Amino acid sequence: MKAFNEPDEHVGRFYIRLLAAALFVLLGWLLLAYTLYSLQIRNYDRYQTLAEGNRISILPIVPKRGNIVDRNGVTLARNFVAYTLEITPSFVVNVDKTIDGLSEFISIEQKDRQRFKKFFRDNRRLDSAPIRTRLSDEEVARFMGQRYRFPGVDVQARLFRDYPNGTLGSHLIGYISRISDHDVEEIEERGDADNYLGSMYIGKSGVEATHEADLHGTTGREHVENTAGGKVVRSLKKEEATPGNDIELSIDIELQKVAEAAFGERRGGLVALDPSTGEVLALVSMPTYDPNLFVDGISSQDWNMLNEVGVPRDRLNKPLLNRAVASAYPPGSTFKPFMALTGLNAGKRTLTYKMSDPGGFSYGGHYFKDDKKGGHGVVDIYKSIVVSCNTFYYVLANDLGIDTIANFVGQFGLGSLTGIDIPDEKEGVLPSTAWKRKRFAKYGREHQKWYGGETISVGIGQGYNAYTPVQMASAIATIANNGKRMRPRVARASIDSHGKREEYPPELVKEIVVAPEYLAAVQRALGDVTRFGTATRAFSGAPYHAAGKTGTAQVYSLKGGTYDKSDERKRDHSWFIAYAPVEEPKIALAVMVENGGFGAVSAAPIARQVIDAFLLEKRADKPAPEDAGAESEDEGGDDHPGNGARVRQGGNAE
Amino acid sequence: MSYRRRFHVQQLFSAVLRPLDLPLLLILFALLLYSIIIIESAAPKLLMNHLGSISLALLGMWIIAVIPTRRLLSLAPMFYIIGIALLVAVNLFGTSSKGAQRWLDIGTVVRIQPSEIMKIAMPLALAWFFQKRERSISWGEFLVSAVLLFGPVYLIAKQPDLGTAILVFSSGFFVIFFAGLPWKLIIPVVLVGMAVIITIGVAGDELCQQEKWPGLKSYQKDRICTLLDPDRDPLGKGFHTIQSTIAIGSGGFIGKGWKQGTQTHLAFLPERHTDFVFAVLAEEFGLIGGLVLLGLYIALLARGFIITANTTSLGAKLLAGSTTMVFFTYLFVNIGMVSGILPVVGVPLPFISYGGTAIVTLCLGIGILMGVCRNKQER
Chain Y
1 MKAFNEPDEH
11 VGRFYIRLLA
21 AALFVLLGWL
31 LLAYTLYSLQ
41 IRNYDRYQTL
51 AEGNRISILP
61 IVPKRGNIVD
71 RNGVTLARNF
81 VAYTLEITPS
91 FVVNVDKTID
101 GLSEFISIEQ
111 KDRQRFKKFF
121 RDNRRLDSAP
131 IRTRLSDEEV
141 ARFMGQRYRF
151 PGVDVQARLF
161 RDYPNGTLGS
171 HLIGYISRIS
181 DHDVEEIEER
191 GDADNYLGSM
201 YIGKSGVEAT
211 HEADLHGTTG
221 REHVENTAGG
231 KVVRSLKKEE
241 ATPGNDIELS
251 IDIELQKVAE
261 AAFGERRGGL
271 VALDPSTGEV
281 LALVSMPTYD
291 PNLFVDGISS
301 QDWNMLNEVG
311 VPRDRLNKPL
321 LNRAVASAYP
331 PGSTFKPFMA
341 LTGLNAGKRT
351 LTYKMSDPGG
361 FSYGGHYFKD
371 DKKGGHGVVD
381 IYKSIVVSCN
391 TFYYVLANDL
401 GIDTIANFVG
411 QFGLGSLTGI
421 DIPDEKEGVL
431 PSTAWKRKRF
441 AKYGREHQKW
451 YGGETISVGI
461 GQGYNAYTPV
471 QMASAIATIA
481 NNGKRMRPRV
491 ARASIDSHGK
501 REEYPPELVK
511 EIVVAPEYLA
521 AVQRALGDVT
531 RFGTATRAFS
541 GAPYHAAGKT
551 GTAQVYSLKG
561 GTYDKSDERK
571 RDHSWFIAYA
581 PVEEPKIALA
591 VMVENGGFGA
601 VSAAPIARQV
611 IDAFLLEKRA
621 DKPAPEDAGA
631 ESEDEGGDDH
641 PGNGARVRQG
651 GNAE
Chain X
655 MSYRRRFHVQ
665 QLFSAVLRPL
675 DLPLLLILFA
685 LLLYSIIIIE
695 SAAPKLLMNH
705 LGSISLALLG
715 MWIIAVIPTR
725 RLLSLAPMFY
735 IIGIALLVAV
745 NLFGTSSKGA
755 QRWLDIGTVV
765 RIQPSEIMKI
775 AMPLALAWFF
785 QKRERSISWG
795 EFLVSAVLLF
805 GPVYLIAKQP
815 DLGTAILVFS
825 SGFFVIFFAG
835 LPWKLIIPVV
845 LVGMAVIITI
855 GVAGDELCQQ
865 EKWPGLKSYQ
875 KDRICTLLDP
885 DRDPLGKGFH
895 TIQSTIAIGS
905 GGFIGKGWKQ
915 GTQTHLAFLP
925 ERHTDFVFAV
935 LAEEFGLIGG
945 LVLLGLYIAL
955 LARGFIITAN
965 TTSLGAKLLA
975 GSTTMVFFTY
985 LFVNIGMVSG
995 ILPVVGVPLP
1005 FISYGGTAIV
1015 TLCLGIGILM
1025 GVCRNKQER
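Sequences listed follow chains Y and X, in order. The numbers in our numbering rise by one with no breaks, and the one at position 178 of the first sequence is 178. For our numbering, count along the second sequence from 1 and bump the result up by 654.
Hint data in this document are derived by calculation from the structure and do not stem from the laboratory. Any given hint might turn out to be false.
Stated by the list, open to error - Derived pair list, reagent style BS3-like, types lysine-lysine, alpha-carbon separation capped at 30 Å: (1) X:Lys913 - Y:Lys231; (2) X:Lys913 - Y:Lys238; (3) X:Lys913 - Y:Lys237; (4) Y:Lys204 - Y:Lys354; (5) X:Lys699 - Y:Lys231.
The structure displayed is predicted, hence computed values, not measured ones.
Isolated chain X, as found in the complex (with noise of 0.2 Å):
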C-alpha cells in the first residue's frame, strides 16, 4: 500500500518535474520567496492576493514549458494577429485609468491589457518569422520585422504606456538583433542615443523651460526633466525620485530591518508595493540585500544564456535569447528609475513586484526558456 503510493507520488512528481529546468525554477523560487517577504512587509493586506497571483504565474509557466517550443512559435502568427487586432480594439474602445487608454474590458468581468499579451506575441512572431527565412536573412527580412515590430510598439506609446512600448519594443529588438541586424544600422543607433543623453544632460535646464518636446507626451518630458532634478518640483513629480532615494540611500549597508523602513512604513514612499518595491527591499536590508537581489538576477541572466547558447534551433535561439533580455530590461530599468538614474516608467521589478500580469507575464517568459532548454534535451 504505502509502496504503491510513493510510487505514485513519486512518478506525479517525476512528471510534473520533468519539463522544467532545474536551476531555472531554484532561481525563480528564490526570487518569489524574496517577493514575498518583500510584500508582507510593503503590503501586508495584499499578501494573499500576490500568493494567489504566484500560483497562476507557476500554473501558466509549467503549461508553457510543457508545450514544445516548435509549436509555440507555429502558433505565434495567431498570437500576434489577436494581439494587433486587441490592441487596435482598445485604442478604440478601451477603458481608460489614470490618464492612459489601456484595458479592454470583456463583460464586466474579464479586463485584459492587450499591451501584456504583445510581449510574449511579438518574440514569438519574430522568431517565427526569421526562422522561416532562415536561409535568406537578408536587408528586406530585417525591414519587415522592423515594421512588425514599430507598430504594435506605436499603439502601444499611444496609449500612452510608455513602460510596456519599452518592454515590447525590447522583446522584439533582441529577436532582430540575435539574428543578425546589421551593426552598420546598431552602432548609429547607439551614438545618437548617447548623443541624445549628454545633450538633455548637458543642456536639460533650457531643453526644461520649453512646453513641449517633438514626439513626446508632456507627462514624458516632464518625467526626464524631473529626472536631471528632482528638486524641480519636489512635491509634484519630483516626489517619487527624491522619496525613493532616499528610501534606499537611508537603508545603509545592512538596512533598517524587515518592516522597520521608516519611508516605507511611514507613507512616505509612493507604489511601495509596485513599481518603487525594490525601493522598501534597499530600505529595510540594505546593500546587502540589493546585492542578494542583484546576484539571483545575473543567475537568472546566466542561466538564460546558458540555454540560449545550448539551443540549436534558430527560433529558440532567438526566443530565449530575446526573453533573458527582456529580463534584464525589466531590472535595469525599474531598479534604474527607483535609484533616481533613469526617468520614471511604469515597469515592475520582475519576480518581486506586486501585480498578478506582470508576474504571469514573467513566469510565461521563464516558461518559454524552459520550454527551449526542454527541447534541446530531447532532441
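Chain Y extracted, bound-state conformation (with noise of 0.2 Å):
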C-alpha cells in the first residue's frame, strides 16, 4: 500500500470487480452442477435406458431349416454345412480390386461375379454376400493365410440346402433362395420380421415354400454386449433357436420317379392321389428343373436357361411352370363322366335312356359331328362313356344348359382351387353365364352374353373349359370315393426335432350329394373303358381292374383350315384320369401330356405305368411308349360354335 500512491477509491474499485466476477464464477458453478443433477438424478432413467441399448444388442441365432422326406423316409432336402466367402461391401474400399485379388488365388468365375452383384440388387438391406460358396479346405487355408490383405472379406460357415434327388420332383419340393425386397415386404406384412432377423433364406416354391412356417423354425436371440465398432466383448444372455420341422410327403419318390421317366421327354403335368384321404403320391410337371440352382443364388447364365431367353414363344419348355397345379387345359372327354353324372342328377337322363347317335348334332345352323363317321349307334350313359361318344354329350349340354352343368360340376371342384399346400395353385375355368358376364366384363354386352353353341362344346370339355391336372385328379378321386372329395395335400405330417409327430388329417372338403345309383353306374363305365372301350390297349393285361377316361383336348383352332400334324406345337393335348383298383380304390391320378395327341396313345400309358409302380411296385424307369395303335379315339371338339368341328375317324370301341 505504501509503495503505491493510490486513492482508495481506486482499490475499492477493484474489490468490487473481483466480487463481481467471484460472483459470476458461483454462478457458472451452480449451472455446472444443476446440470449434473439434471443429467445424472432427473434423467437417469432415460440416459441409463440409452446406455444400455448401446451396450447390448441382440444377435439372432438362425434355426436350422427342417429337412423335407417322402413317406417312406427318403430324403428329398437337407441341409449340409459348407464354407463362403463373403464380403462386407461397407467395409471394402474397392469391391472390384477385392474381387480380382481375391481371385489370384480363389478360383472366382465370371458368373460368381454377376450373382454377388445380383444379392444386393435383389435386396438392398443386405450387409455382406458370398462371393464363392462351397469353397474347399485347401481354398478356405489359401485365403486364411492372406486374410490379413482383405480386410472386409471373411470365411463364414453356412448351412447349405441340398437337394439330393436333383431334377426329381422338383416342381413339389421346390427351392429356397436369397431373401429379397419382396419377400421382406411379406415377411413384414405377416409380422414375422422378428423372426426372419438372421435369416438368409425363404422356400420360393413347391412344399419349401408353403411349409415355410413349419420348415424354418423359431430364430434364437442372444444379448450381447459390444462395442460401439459393433465389436461383441461377451454373451450376457442366450435364448436357443428352435430348428424348423421335418416335413413329411405323403409322394413317393420311386413313384414319383417311375411318373417323370414315363414322361419321358413329352411336356406334361401328372397328379396321383390316394382318393381316400387326398394324400398325394406324385406330382410331376415335365420338363423339371434343379432345384439345386437356386440354392446360392442362381448365375444369370442358368437363370436365362431356365427362362428360356431367346426362345421364340410358341416353343417355350417352361420348365419353370409347374403344369400339375399352374396350369390349366381343356380336358377334353375326361369331361364327360361328370356330364353324365350332372345329367342323371338333374333327371334329364336316366340310366335306361338311350338315344340313337345319327353322328352328330344340329344346332343354331351348325352340325357338330361325332368323332365317328355314321355315329355309334344306339347309345345309352353306359356306353357313351365307354366309346366315349360326342352327340350324346352335345344333346345332354343342350337339354341341361351351361348353369345347371357348372353347379354341378362345380363340386367336383373343378374351376376352383383345390387347397393343395403347392403354392400358384390356378383356378381354371369352369364356363357359366355369371363366368362369361364377369370374363367379359371390359368388352361388350354382346361378347357377356352365353350362345347356346358354347354350351354344346362345354358338353364335351371343350369350349371355355379349362382345368389344372390336380383338378381333374381331385374330380376323378371323388368319384373313386364315392362323392367324398378329399384335399389334395402334398405334406402329411410334421416332426420337430425332439421327434415329435403331428399327423396333419385328412380333410374333407365336399359330400356329392347324387344318387348312388348314378355314381355306381359311371364307375361301371369307367371301369369298362379300360377293358372294352377306349383305353383297352393301354390296359390289356393288368393284373387289377382300373377305371379311367381317355380325353384329347384340342389346342388349335383350326379356323377352316387342316390339321397339320407334323407341328408337335399343334397336336392335342392328352388326358387321362383314372383309379385303381376299382373295387378299392387305392390311387387315383390325372396325366396330361401337353401336345400329346390322342389320349389312348400317349396319356394312357404314362398312367398304366405308374399305376403298375404303385400297386405292382413294377418300377419301369422308361418312358412309357407312345400306344400308336390304340384301340380308339374320341371325340373332337369345338373352340367355337361356327367353326368347322374337327372330325376324326377312330376305331370302335365296342
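Mind docking these for me? Both chains are given alone in their own frames, and the hints should help you get the complex.
Rendered as C-alpha cells:
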C-alpha cells in the first residue's frame, strides 16, 4: 500500500470487480452443478436406457431348417455345412479390386461376380454377400494365409440346402433362395420380421414355400455386449433357436421317379392321389429343373437358361411352370363322366335312357359332328362313356343348359382351387353365364352373352373349359371315393426336433349329394373303358381292374384350316384320368400330356405305368410307349361354335 | 550422522516448499491424484506418459513460483513479442493436423504450439502494461490493450483453434476487466452476447439451414447447430455430445464404478482421455464424483481469489485475478461442452485431461498464483 500512491477509491473499485467476478464464477459453478443434477438424477432413467441400448445388442441365432422326406423316409431336401467367402462392401474400399485380388488364389468365375452383384440388387438391406460358396478346405486355407490383405472379407461356415434327387420332383419340393426385397415386404406384412432377423433364405416354391413356417423354425436370440464398433465383448443371455420341423410328404419318390420317367421328353403334368385321404402320391410337371441351382443364388446364365431367353414364344418349354397345379387345359372327353352324372342327377337322363346317334347334332344352323362317321348307333349313359360318344353329350349339354352343368360339376372342385399345399395353384375355368359376364366385363354386352352353341362345346370338355391336372385328379378321386372330395395335400406330417410327430389329418372338402346308383353306373362305365373302351390297349394284361377315361383336347382352333400333324405344338393335349383298383381304389390320377395327341395313345400308357408301379411295385424307369395302335379315339371338339368341328376317324370301341 | 542427514532433508524440504502456497498445493495434488485415477481408467496405457507430464508440470510450476512476480512482469514484453512472432510463423509455415495449422516444427524433434505460449504471455503482457500506466489508466490504455489482446486472438482463431482463442481471449480480457474496463463498455457487450444466444436458441433451426454464417468457419457453425439439436447428425458431429451426455446421465448418483463405465470402455465415448474425460469421471463416479471435482475447483478458485485480494501490486493483482478466471473459463467451457450446454470446442478439463501441454500450462498458472502469494508475504 505504501509503495503505491493509490487512492482508496481505486482499490475499492478493484474489490467490487473481484466480487463481481466471484459472483460470476459462483453462478457458472451453480449452472454446472445443476446440469449434472439434471442429467444424472432427473433424467437418469432415460440415459441409463440409452446407455444399455448402446451397450447391448441382440444377435439372431438362425434356426436349422427342417428336412423334407417322402412317405418312406427318403430325404428330399436337407442341409449341409459349407464354407463361403463373404464380402461386406461397407468395409471394403474397392469391391472390384478386392475380388480381383481374391481371384489370384481362389477361383472366382464371371458368374460368381454377377451373382454377387445380383444379391445386392435383390435385397438392398443386405450387409454382406458371398462371392464364392462351397469352398474346398484347401481354398479356405489359402485364403486364411492372405486374410490380412482383405479387410471386410471373411470365411463363414453356412448351412446350405441340398436336394439330393436333383431334378426329380422339383416342382413338388420346390427350392429356397436368398430373401429378396419382395420377400422382406411379405415377411413384414405377416409381422414375422423378428423371426427372420438373421435368416438368409426363404422357401420360394413347392413344399419349401407352402410349409415355410414349419420348416423355418424359430429364431433364437443372443444378447451380447458390444463396443461402439460393433465388436462383441461377451454374451449376456442366450435363447436358443428352435430348429424347423421336418416335413414328411405323402409322396412316394420312387413312384414319382417312375412317373417322370414315363413322360420321357414329353411336356405335361400328372397328379396321383390316394382317393380316400387326398394324399398326393406323385405330382409331376415336365420338364423339370434342378432346384440346387437356386440355393446359392442362381447365376444369370442359369436363370436365362431356365427362363428360355431367346426361345421363340411358341417353342417355350417353360420348365419353371408347374403344370400340375398352375396350368389349366381343356379337359376334352375326361369331362364326360361328370356330364353324365350331371344329367342323371338333374333328371334329364335316366339309367335306361337310350338315344340313337346319327353321327352328329345340329344346333343353330351348325352341325356338331361325332368323331365316328355315321355315329355310334344306340347309345345310353354307359356306352356314351365307354366309347366316348360326342353326340350323346352335345344333346345332353343342350338339354341341361350351362348353369346346371356348372353348378353340379363345380362340386367336384373343377374351376376352383383344390387347396393343395403347393403354391401358385390356378383356378382354371368352369364356364357359366355368370363367369362369361365377369370374364368379358370390359368388352361389350354382346361379348358377355352366353350362346347355346357354347354349351354344346362345353358338353364334350371343349370350349371355355380349362382345368388343372390336380383339379382333374381330385375330381376323378371324388368319383372313386363315392362322392367324398378330399383336399389334395402333399405333406402328411411334421416332425419336430425331438421326434414328436404331428399328423395333418385328411380333410373332407365336400360330400357330393348324388344317388349312389348313378355314381355306381358311371363307375361301372369307367371300369369298362379299360376293358372294352378307349383305353383297352393301354391296360391290356393288367392284373388289376382299373377305371379310366381318355380325353383329347383340341389346342389349336382350325379356322377352316387343315390339321397339320407335323407341327407338334399344334397337336391336341392328351388326357387320361383313372383310378384303381376298381373294387377298392388305392390310387386316382390325372395325366395330361401337352400336345400328346390322342389320350389313349399318349396319356393312358403313362397312367398304366404309374398304376403298375404303385399297385405292383413294378419300377420301370423308361418312358411309356406311345401306343400308336390304340384302339380308338374319342371326340374332337370345338372351341367356337360356328367353326368347322374337326372330324376324326377312330376305331369302334365295342 | 542421522541427525545431520535429517537436518539436510529438512532443509531441502523447506527450501523446496517455501516458495509454494500450501493450500493451493494441496488442492492441486488432490486434482492431479483424481486425474491419475481417471486416466488409469480411461487410458491405462498412457498413464506413464501422464505421470511424466505431471512431473514436468510440477517442476515448471516450482520454477515460476520461485521467480519474483516483478521479474516475471518485466519479462512479459519479451514473451509477448516472441509469442506473436511464433504465431505469425505458424500461420506461414506451421504443420497442419486435423484440419488446423497449430504446430511449429523446430528441427525434427521439437514441436511447439505458439498459441499455448500466448496463454501465459498474454495476461503477463497486459498486466505489465497496466502496471506501467497505473496512474493514468484511461480510454487510451484500454484501446491499446484491446489491440494487444485481439491481434494474437485473431491469429489463433485463424489457425483455426477456437478453444485456445477463447482461453487466450479470456486470459487477456480478465486483466482488462480487473484493470477497470468501464462498465459502460462491458454491459452492452454482455447484452449483445445474450441477444445472440437467445436468437440462436429461438431461430436456430432456420439459421442452421443456411450455408455459412458471417465470421465463423463452417465447422464452427456446425458445432453450434449440433449443440442445439444433436440428433441432427447423430453419427457425425452430434455423436460426441450425444454419447457424452449419455455417459454422464447414465452414471446416476453414485456412478457405475471405477473402470466400469460402459460408455467409456465400450468405446462409445470419443476423446475419452482428453477433452471428454469429464464424461468418464461422471459415468464412473456419478454425481458424487462430479461434485467432488466441482468442489475441488471451487476451492482452487476461492484460493485464487484470496491471493488476488491479498496482494498489493496492481500487476500482481491483475495477473492473479486473470489466472484464476482463466481456470474457471477452462472448467466451465469444458464441462459445459461435455454435458451438452455449450458447443464442442477444444478445451481440456483443467488438471484432469490427459495432454502434456495443457497440464504444463495450467501448472505454470498455479506457479504464477504461488509467486504472487509469496511476494505478498515477503513484503
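Status of the hints after comparison with the structure:
1. About 19 Å separates the Cα atoms of Lys913 (chain X) and Lys231 (chain Y), which keeps this hinted pair within 30 Å; it holds.
2. A threshold of 30 Å between alpha carbons decides the hint, and for Lys913 (chain X) with Lys238 (chain Y) the separation of about 26 Å falls inside it, so the pair holds.
3. A hinted pair counts as satisfied when its Cα atoms are at most 30 Å apart, and Lys913 (chain X) with Lys237 (chain Y) qualifies at roughly 22 Å.
4. Of the supplied pair hints, the one linking Lys204 (chain Y) and Lys354 (chain Y) is violated, its CA atoms being roughly 53 Å apart against a limit of 30 Å.
5. Of the pairs offered as hints, the one joining Lys699 (chain X) and Lys231 (chain Y) holds, with about 21 Å between alpha carbons and a cut-off of 30 Å not exceeded.
Of the numbered hints stated above, the single one contradicted by the structure is hint 4.
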